[in-house]
Amino acid sequence: QKEVEQNSGPLSVPEGAIASLNCTYSDRGSQSFFWYRQYSGKSPELIMSIYSNGDKEDGRFTAQLNKASQYVSLLIRDSQPSDSATYLCAVKGYKLSFGAGTTVTVRA
Amino acid sequence: DAGITQSPRHKVTETGTPVTLRCHQTENHRYMYWYRQDPGHGLRLIHYSYGVKDTDKGEVSDGYSVSRSKTEDFLLTLESATSSQTSVYFCAISENKGRAAYNSPLHFGNGTRLTVT
Chain A
495 QKEVEQNSGP LSVPEGAIAS LNCTYSDRGS QSFFWYRQYS GKSPELIMSI YSNGDKEDGR
555 FTAQLNKASQ YVSLLIRDSQ PSDSATYLCA VKGYKLSFGA GTTVTVRA
Chain B
391 DAGITQSPRH KVTETGTPVT LRCHQTENHR YMYWYRQDPG HGLRLIHYSY GVKDTDKGEV
451 SDGYSVSRSK TEDFLLTLES ATSSQTSVYF CAISENKGRA AYNSPLHFGN GTRLTVT
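Line by line, the protein sequences are chains A and B. Counting from 1 along the first sequence, just add 494 to a position and that's the residue number in the numbering used here. Counting from 1 along the second sequence, just add 390 to a position and that's the residue number in the numbering used here.
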């Protein structure tokens, strides 16, 4: 079992729709959770951090964490073509582990 | 901008040659990391440093060594490059500098694309 698993993708959504990205993790003791956005040929860029159960909103992004279910998600509301990228989930337990990423394409 | 500079940005080298990649940071961060990113594998930790001369192995450290003689510089060396080390290499720093650095997110440099022929 991989330590961090994400939707395999790719995910294609129309402009203005909600993109929903999911991530599950195996280390029940994990305390810190991050979402990164990576444009093709660029480095990962931190877009959200979440540390406690519930929702955290930042602009059009909402991160949701459920530690009991070992699940963290990212919602992108009002998706824009500029949101087209690969999104990486990262989970910090005894070490920091990254998922393989989900590629999102927003259709104009 | 986390003040991280990686050099070179691109490198093509032949199998068996030594290669050194450099990561330079300007903000006195204690923790520095080297990752490689490959399709299907995501980001994997090679080595990390928690201070000058203090380094430790990550999950894919075989064939790599590191050195940190100054706070601002973290060097990654491939002693004898192999084709399996063709990859994109990212340097990263922890967002926070004190004890909170342990659970802090990372910020990445622009990467070095290495091709071993």
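Keep in mind that the hints were calculated from the coordinates and are not lab data. Predicted model, so just to flag it, every value in this text is computed and none were measured. Hints are not guaranteed to be accurate.
No farther apart than 30 Å at their CA atoms in a straight line, the calculated lysine-lysine pairs in the DSSO-like style are these [what the hints assert, rightly or not]:
#1 A:496 x B:460
#2 B:460 x A:536
#3 B:460 x A:561
#4 A:536 x A:550
Do the hints match the structure? See the list:
1. Proximity of residue 496 (chain A) to residue 460 (chain B) is assessed by CA-CA distance (about 36 Å); at most 30 Å being required, the pair is judged violated.
2. Pair hint residue 460 (chain B) plus residue 536 (chain A) holds up; C-alpha atoms about 27 Å apart against a cutoff of 30 Å.
3. A threshold of 30 Å between alpha carbons decides the hint, and for residue 460 (chain B) with residue 561 (chain A) the separation of about 39 Å lies outside it, so the pair is violated.
4. In summary, the hint linking residue 536 (chain A) to residue 550 (chain A) is supported, as the alpha carbons are separated by about 26 Å, within the 30 Å threshold.
Hints 1, 3 from the list above are not met by this structure, while the remaining hints are.
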